[in-house]
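Let the hints inform the model, and build the full structure from the sequences given.
Position 167, counted from 1, in the sequence shown is what my numbering calls 167; the numbers after and before it change by one each time, with no gaps.
Each hint should be verified, as a subset may be incorrect.
Said to hold, decoys possible - Under the rule of at most 20 Å between Cα atoms (straight-line distance), these lysine to any residue pairs were calculated in the SDA-like manner:
{"#": "1", "residue 1": "K200", "residue 2": "S108"}
{"#": "2", "residue 1": "K185", "residue 2": "E173"}
{"#": "3", "residue 1": "K110", "residue 2": "D41"}
{"#": "4", "residue 1": "K200", "residue 2": "I190"}
{"#": "5", "residue 1": "K61", "residue 2": "G48"}
{"#": "6", "residue 1": "K185", "residue 2": "Q170"}
{"#": "7", "residue 1": "K200", "residue 2": "T136"}
{"#": "8", "residue 1": "K110", "residue 2": "V180"}
{"#": "9", "residue 1": "K200", "residue 2": "A65"}
{"#": "10", "residue 1": "K185", "residue 2": "L56"}
{"#": "11", "residue 1": "K200", "residue 2": "V140"}
{"#": "12", "residue 1": "K185", "residue 2": "K61"}
{"#": "13", "residue 1": "K110", "residue 2": "E173"}
{"#": "14", "residue 1": "K200", "residue 2": "R145"}
{"#": "15", "residue 1": "K61", "residue 2": "V32"}
{"#": "16", "residue 1": "K185", "residue 2": "S108"}
Simulated from the structure, these hints should not be mistaken for lab results.
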Amino acid sequence: MPRPINWALVWPYYAAAFMGGYLLGAIPFGLVLTRLAGLGDIRRIGSGSIGATNVLRTGRKGLAALTVLLDGGKGAVAVLIAGAWGPDAAIIAGAGAVVGHLFPVWLSFKGGKGVATSFGVLLAVAWPVGLAACATWAAVAALFRYSSLASLTAVAAAPLYAWLLRGDLQLVEFFGAVAVLVWMKHHSNIGRLLTGREPKIGRDKPAETSSR
Numbered sequence: 001m002p003r004p005i006n007w008a009l010v011w012p013y014y015a016a017a018f019m020g021g022y023l024l025g026a027i028p029f030g031l032v033l034t035r036l037a038g039l040g041d042i043r044r045i046g047s048g049s050i051g052a053t054n055v056l057r058t059g060r061k062g063l064a065a066l067t068v069l070l071d072g073g074k075g076a077v078a079v080l081i082a083g084a085w086g087p088d089a090a091i092i093a094g095a096g097a098v099v100g101h102l103f104p105v106w107l108s109f110k111g112g113k114g115v116a117t118s119f120g121v122l123l124a125v126a127w128p129v130g131l132a133a134c135a136t137w138a139a140v141a142a143l144f145r146y147s148s149l150a151s152l153t154a155v156a157a158a159p160l161y162a163w164l165l166r167g168d169l170q171l172v173e174f175f176g177a178v179a180v181l182v183w184m185k186h187h188s189n190i191g192r193l194l195t196g197r198e199p200k201i202g203r204d205k206p207a208e209t210s211s212r
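Below, the structure is given as structure tokens:
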């Protein structure tokens with residue numbers, strides 16, 4: 001029988017892992033990069049998101065690609081650093097990074113939609129699952145040309161991949177929780193997909209924009 005966890009000893013490490021992951025995840029790279037590039041506040045154009053898809057609407061493909069790398073990288077770095085305290089701490093830090101990107105304290109808790117950061121966490125926690133999710137995103141995006149649909153499909157498939165590739169119930173639960181958060185942040189995209197108003201990749205910004 002495994003010995004029960006002594007929470008009196010581990011909770012400070014888990015709390016530090018979550019907060020460290022949160023602070024990393026809360027760095028709004030899309031907003032920082034567009035401001036440094038002289039493009040103003042990215043939250044005032046397109047969907048109002050601070051993520052790479054909205055950065056792409058500025059016409060700066062290189063800037064959008066860099067946003068993807070940095071947003072994904074902060075999730076992966078959070079997991080890898082906390083991994084020194086064990087796999088549980090790594091998962092907790094990954095959760096913190098996703099929550100930080102979605103609800104950054106610096107932006108009144110109004111952040112991005114968490115896709116790139118979630119992929120970075122997936123790759124760092126279980127790289128076969130992360131690669132499968134990334135491949136799913138690429139396939140759906142190529143077939144249907146909707147970034148949001150590709151993202152929703154990829155994160156929804158991640159728990160299934162975790163079960164098929166790793167057989168780890170803890171990972172299934174964790175990736176399932178991440179998928180729920182990402183789907184919640186995509187509620188406006190889901191509405192536009194259902195009504196045929198969601199813009200395709202490379203098309204103009206959506207008719208309805210948000211202030212954030």
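Q) Within 20 Å, alpha carbon to alpha carbon, are K200 and A65? A) holds (18 Å)
Q: Verify the proposed pairing of K200 with R145, using a straight-line Cα cut of 20 Å.
A: holds (5 Å)
Q) Holds or violated: K185 with E173, Cα cutoff 20 Å? A) holds (19 Å)
Q | Agreement of K200 and T136 with the hint, judged by alpha carbon distance not exceeding 20 Å | A | With Cα atoms ~17 Å apart, K200 and T136 stay inside 20 Å; holds.
Q | Pair hint outcome, K61 versus V32 [Cα-Cα no greater than 20 Å] | A | This hinted pair holds, its Cα atoms lying about 16 Å apart.
**Q.** Given hint S108 paired with K200 - CA-CA distance at most 20 Å
**A.** violated (29 Å)
Q) Has the given pair, K200 with I190, been kept, meaning a C-alpha gap of at most 20 Å? A) holds (13 Å)
Q: Could you grab the alpha-carbon distance between K185 and S108 and see if it respects the 20 Å cut-off?
A: holds (15 Å)
Q: Take the C-alpha atoms of K61 and G48, compute the straight-line distance between them, and say whether it is at most 20 Å.
A: OK: K61 and G48 at ~17 Å, within 20 Å.
Q) Does L56 lie within 20 Å of K185 when you go C-alpha to C-alpha? A) With Cα atoms ~19 Å apart, K185 and L56 stay inside 20 Å; holds.
**Q.** Hinted pair K110 and E173, Cα distance within 20 Å
**A.** Not OK: K110 and E173 at ~25 Å, beyond 20 Å, violated.
Q) For the pair supplied as a hint, K110 and D41, is the alpha-carbon distance within the 20 Å limit? A) Since the Cα atoms of K110 and D41 sit roughly 14 Å apart, the hinted pair holds (cutoff 20 Å).
In terms of the numbered hints stated before, the structure departs from hints 1, 6, 12, 13, listed from lowest to highest.
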